[in-house]
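**Student:** One letter stands for each residue in the lines below.
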Amino acid sequence: MTELYNLDHLTELEAESIFVMREVAAQFDRPAILFSGGKDSIVVTHLAMKAFAPARIPMPLVHIDTGHNFPETIAFRNNLIQDMGANLIVGSVQDTINQGKVQEETGSNASRNKLQTTTLIDTIEENRFDACVGGARRDEEKSRAKERFFSHRDDFSQWDPKNQRPELWNLFNGMHAPGEHFRVFPLNNWTELDVWNYILKEKIELPSLYFSHERECIRREGQILAMSDFLKLRAGEKPEMMRIRFRTLGDLTITGAFESEADTLEKIIEEVAATRITERGGRMDDKRSSSAMEDRKKDGYF
Amino acid sequence: MSKTTTNGLLRFTTAGSVDDGKSTLIGRLLYDSKSIFEDQLESIKNESTQKGINGPDLSLLTDGLRAEREQGITIDVAYRYFATPRRKFIIADTPGHIQYTRNMVTGASTADLAIILIDARHGLLEQTNRHSFIASLLGLRHLVVCVNKMDLVDYDEARYREIVKEYKSFSSRLDITDITFIPISALLGDNVVDKSNQMNWYEGSTLLHHLEHVHVGSDRNLQDCRFPIQYVVRPQTDEHRDFRGYAGRIASGVFKPGDKILALPSGKESTIKGITLGNEQLERAFPPLSVTMTLEDDIDISRGDMLVRMNNQPDVVNELDARVCWLGEKPLNTSSRFILRHLTNEVQAKVTEILYCIDINTLHRDEENKTVATNDIARIKIKTASPVLTDSYRKNRTTGAFILVDPSTHLTVAAGVVG
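First to last, the sequence lines map onto chains A and B.
Residues 8 to 309 (our numbering) are what the first sequence spells out, left to right.
Residues 103 to 521 (our numbering) are what the second sequence spells out, left to right.
Hints listed in this document are in silico derivations from the structure and should not be mistaken for laboratory results.
Heads up, a few of these hints could be off.
Stated by the list, open to error - Restricting the straight-line Cα-Cα distance to at most 27 Å, the calculated cross-link-like pairs of lysine-lysine (DSSO-like) are: (1) Lys108(A) - Lys121(A); (2) Lys136(B) - Lys153(A); (3) Lys147(B) - Lys136(B); (4) Lys208(A) - Lys358(B); (5) Lys362(B) - Lys375(B); (6) Lys497(B) - Lys485(B); (7) Lys136(B) - Lys208(A); (8) Lys370(B) - Lys358(B); (9) Lys239(A) - Lys121(A); (10) Lys483(B) - Lys452(B); (11) Lys472(B) - Lys483(B); (12) Lys147(B) - Lys153(A); (13) Lys375(B) - Lys358(B); (14) Lys432(B) - Lys153(A); (15) Lys274(A) - Lys136(B); (16) Lys153(B) - Lys153(A); (17) Lys452(B) - Lys485(B); (18) Lys370(B) - Lys472(B); (19) Lys210(A) - Lys274(A); (20) Lys452(B) - Lys472(B).
Please model the complete structure; the sequences and the hints are all you need to start from.
**Tutor:** See below:
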C-alpha cells in the first residue's frame with residue numbers, strides 16, 4: 008500500500024520544477040525562458056511543456072546569440088522552436104558591439120562571454136520581461152549554492168547576495184517594482200547527474216555535440232578547444248582530429264571538450280557518474296578568478 | 103555516485119556555528135561519500151595552504167560567498183547535494199548564531215529531518231536549544247543529535263551518556279518523537295560514513311547509514327485531500343477547444359479520477375474526469391506531485407481556489423492564530439498592512455494582536471514583550487481581507503504555512519505557521 012506512494016527522486020524534482028514554472032506563469036506579466044541550447048535549458052523547456060500541456064508554453068524563449076555559437080546549437084534551437092510552436096526572441100551580441108555599447112575583447116583568450124551580459128540586460132529591458140527562467144543549478148558553482156528559486160534583480164539587473172529574500176516552503180514572493188525583474192531557477196535542486204538521468208528517463212533530444220564525435224581541436228592550458236574561425240591560434244598550437252564530446256555548451260571559444268567514446272546517453276551517464284571534475288571545471292570563464300562567477304552574477308550575468 | 107536511488111529524496115537541515123564543526127561535518131559527508139570533485143578539492147587545498155592549514159580544510163567546501171570566505175563566517179542558507187546508491191540528499195546548511203534564526207527557519211521549512219550538533223566538551227548550549235525548538239516549530243518529525251568531537255573527550259562513553267540524558271530531559275518539551283543520538287568525530291570521520299573503531303560501546307548506526315534508511319514517507323499527509331489551484335490551463339486551440347485543466351501541486355491526500363470533489367470557496371461540487379502529468383494519464387495523484395485535473399462539470403474555478411472532499415474540509419477563516427518568525431529588518435508594526443501569501447493565494451492582511459514572544463533559548467513565553475524584532479518568534483493574531491483555506495500546521499505542513507510580505511518594500515517579512 009505505502010509502496011504505491013513512494014516516488015523516485017527524479018519524479019520529486021520534476022514535481023517541484025513544474026510547480027516553479029507554473030508559479031512563474033501565474034505571478035508575472037511578461038515571463039520568458041532563457042534558452043542557451045544547452046542541456047539544462049532544454050530540460051527547463053521540456054518541464055515547461057509538461058507544466059502547461061496540452062496548451063503551448065505561455066512564454067517566449069529568449070536566446071542571447073553571441074555569434075560564437077556552435078552551428079549545431081543553432082540548428083537544434085530552430086528545430087525545437089518549430090516543433091513546440093513557441094516564440095523565439097534573439098538578442099544579438101554582434102548588434103550590441105555594432106551599437107558601440109561594448110568592446111570586443113582582444114588577445115588569444117578573447118571571448119564574448121562577458122559581453123553577453125549587456126545584450127541580455129538590453130533584451131530584458133526592450134521586451135520588459137519581469138521574469139527570466141534559466142537552467143542554472145545550485146550544485147554548479149559555490150556562489151550558486153545560496154541561489155533562490157525566485158532571485159530578485161534590481162533596476163540595473165544586479166544581484167545582491169547579501170540582500171536576498173528569504174524563501175520558505177514553496178511560497179515564492181515575486182513582488183517587484185516596475186523595472187525590476189526576477190531570475191527564476193526551476194532546476195536549483197538538481198545535480199548534473201539528475202539532469203542526465205532525467206534526459207534518459209524522458210527521452211529528451213539533445214544537440215549532437217554532447218555525444219562523442221570526431222572534431223578538429225587544439226590543446227591549450229590543459230584544455231581541449233574546438234577549432235573555429237573565432238579561435239586565434241597561438242604559436243606552437245596545432246589543430247588535430249580528436250574523438251571528443253562536450254559536457255556543457257557555452258561559446259565555441261571557451262567551452263572545453265574532452266576525449267570520450269560516450270556516444271549514447273547510457274554511456275554518458277556512466278561517464279558523468281565516474282568523472283571526478285565538476286562540470287564547470289571545463290570552462291575558461293570560471294577560471295579567471297576564484298570569485299569569477301559571483302562577480303559576473305552581481306553584474307547581471309545568467 | 104549512483105544512477106538511481108531506492109529511497110527517493112531526503113531533505114535535511116544542519117544548524118550550528120563554525121565552532122561546532124558543522125561545516126566540517128558536511129564536508130566529511132560529501133568527502134567520504136565521494137561527492138567532492140577533484141577540482142573542488144584542489145581549490146580548497148590551495149586555499150588551505152594559503153591560510154597555513156595542513157591538509158584540506160573541509161569546511162571551505164561549504165563557505166560559498168566571498169564575504170564569508172573573507173570573514174570566515176557563514177551567512178544565509180546554502181544548499182548542498184550528494185547521493186548514495188540508496189538516496190539523494192539535499193542539505194540546507196544554515197548558520198547557528200542567534201542573529202541568524204531566520205536562516206534556520208528558512209532551512210527547516212523544506213526539511214524532513216534536522217541534524218543537531220553538540221560539542222562533546224561543552225554539552226548543551228543555548229544554540230542547541232534554539233535549533234531544536236526551531237526544528238519542532240517547523241514541524242520536523244525527525245532529529246539526529248550528533249555528539250561531535252568525541253575524539254577530544256577520549257571517546258568517553260560516560261560523557262556521551264551524560265549529554266544524551268541532558269538532551270532528553272530538554273527535548274521532552276518539544277513536539278518531536280523520533281530522536282536519534284550518534285557519537286561522532288566529524289574531523290576524523292568516526293561514525294559519519296564509516297563505523298568508528300574507537301567507540302565499540304556504541305552499537306547504533308553511522309550517521310550516513312541512518313540518513314539513508316530513515317523512513318520519511320509516512321510523514322506525508324495522505325488523508326486530507328487538498329488540491330490548491332495554481333494555474334488554469336486553457337489551450338484554446340482547435341484540437342482542445344473546450345479544454346479547461348486545473349493545474350497545481352497536491353498539498354495532501356490522494357485524488358483519483360471518478361472522485362467527487364468540492365471546490366472552495368465557491369462550494370460547487372463536481373467529479374474528477376481525468377488527472378494528467380504532461381501527456382500521461384495518472385490513476386492517482388498524491389503529494390508532492392504536480393498534475394493537471396479536468397472535471398466533469400464546467401464550474402468557475404481560478405487560482406487560489408482549492409479542490410477538497412465533501413467530508414473533509416479545511417478551515418475557511420478570516421482570522422488566524424499563528425506563530426511567526428519575524429524576518430524583516432524593522433520590528434513588526436501592527437498598524438501596517440501586509441500581503442499574506444498562503445498556498446497559491448494572496449490576500450490583504452493586518453496583525454490585530456501580538457500575544458507573546460517566545461524566548462527560544464528557554465522556550466518561555468514572554469507576555470510582557472510585545473516588540474517583535476528581527477529573528478523573534480511570536481504568537482500573533484492576523485485578520486485577512488478575504489477568507490483563506492487553512493489547516494493547522496501540525497496537521498498539514500503545506501496548508502498550514504504562510505508568509506507575510508510588506509507591500510511597500512515587497513520584502514518577505516515573516517514566516518508563519520497556523521495554530
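**Student:** For every hint, state whether the structure bears it out.
**Tutor:** Hint check results:
1. Distance restraint check for Lys108(A) and Lys121(A): the Cα-Cα separation of roughly 13 Å lies within the 27 Å cut-off, and the hinted pair is therefore satisfied.
2. Between Lys136(B) and Lys153(A) the CA atoms are separated by roughly 22 Å; this keeps the pair inside 27 Å, and the hint holds.
3. Restraint check for Lys147(B) and Lys136(B): the C-alpha separation of about 16 Å stays at or below 27 Å, so the hint holds.
4. Proximity of Lys208(A) to Lys358(B) is assessed by CA-CA distance (about 25 Å); at most 27 Å being required, the pair is judged to hold.
5. Under the criterion of a C-alpha separation no larger than 27 Å, the hint pairing Lys362(B) with Lys375(B) is consistent with the structure, at around 10 Å.
6. For the proposed pair Lys497(B) and Lys485(B), the alpha carbon gap of about 21 Å is at most 27 Å, so the pair holds.
7. Our distance criterion of 27 Å between C-alpha atoms is met by Lys136(B) and Lys208(A), whose separation comes to about 25 Å.
8. Of the supplied pair hints, the one linking Lys370(B) and Lys358(B) holds, its CA atoms being roughly 18 Å apart against a limit of 27 Å.
9. Between the alpha carbons of Lys239(A) and Lys121(A) the distance comes to roughly 18 Å, so the proposed pair stays at or under 27 Å and holds.
10. This hinted pair checks out: Lys483(B) and Lys452(B) have alpha carbons roughly 9 Å apart, not beyond 27 Å.
11. Distance restraint check for Lys472(B) and Lys483(B): the Cα-Cα separation of roughly 13 Å lies within the 27 Å cut-off, and the hinted pair is therefore satisfied.
12. Using a Cα cut-off of 27 Å, the hinted pair Lys147(B) and Lys153(A) holds, with the two alpha carbons roughly 22 Å apart.
13. Annotation: proposed proximity of Lys375(B) to Lys358(B) holds, straight-line Cα distance about 9 Å (limit 27 Å).
14. Taking the CA atoms of Lys432(B) and Lys153(A), the gap is about 24 Å. The hint holds against a cut of 27 Å.
15. A C-alpha spacing of about 20 Å is found between Lys274(A) and Lys136(B), which places the hinted pair at or below 27 Å, so the restraint holds.
16. Restraint check: the Cα-Cα separation between Lys153(B) and Lys153(A) comes to about 24 Å, which is no more than 27 Å; the hinted pair holds.
17. Proposed proximity of Lys452(B) and Lys485(B) is supported: the alpha carbons are some 5 Å apart, at most 27 Å.
18. For a cut-off of 27 Å, the pair hint linking Lys370(B) to Lys472(B) is broken: about 42 Å separates their Cα positions.
19. Distance hint between Lys210(A) and Lys274(A) is fulfilled; the C-alpha atoms sit about 15 Å from each other, no more than 27 Å.
20. Note on Lys452(B) and Lys472(B): the hinted pairing holds, with a Cα-Cα distance of about 16 Å set against a maximum of 27 Å.
The structure shown violates just one earlier hint, number 18.
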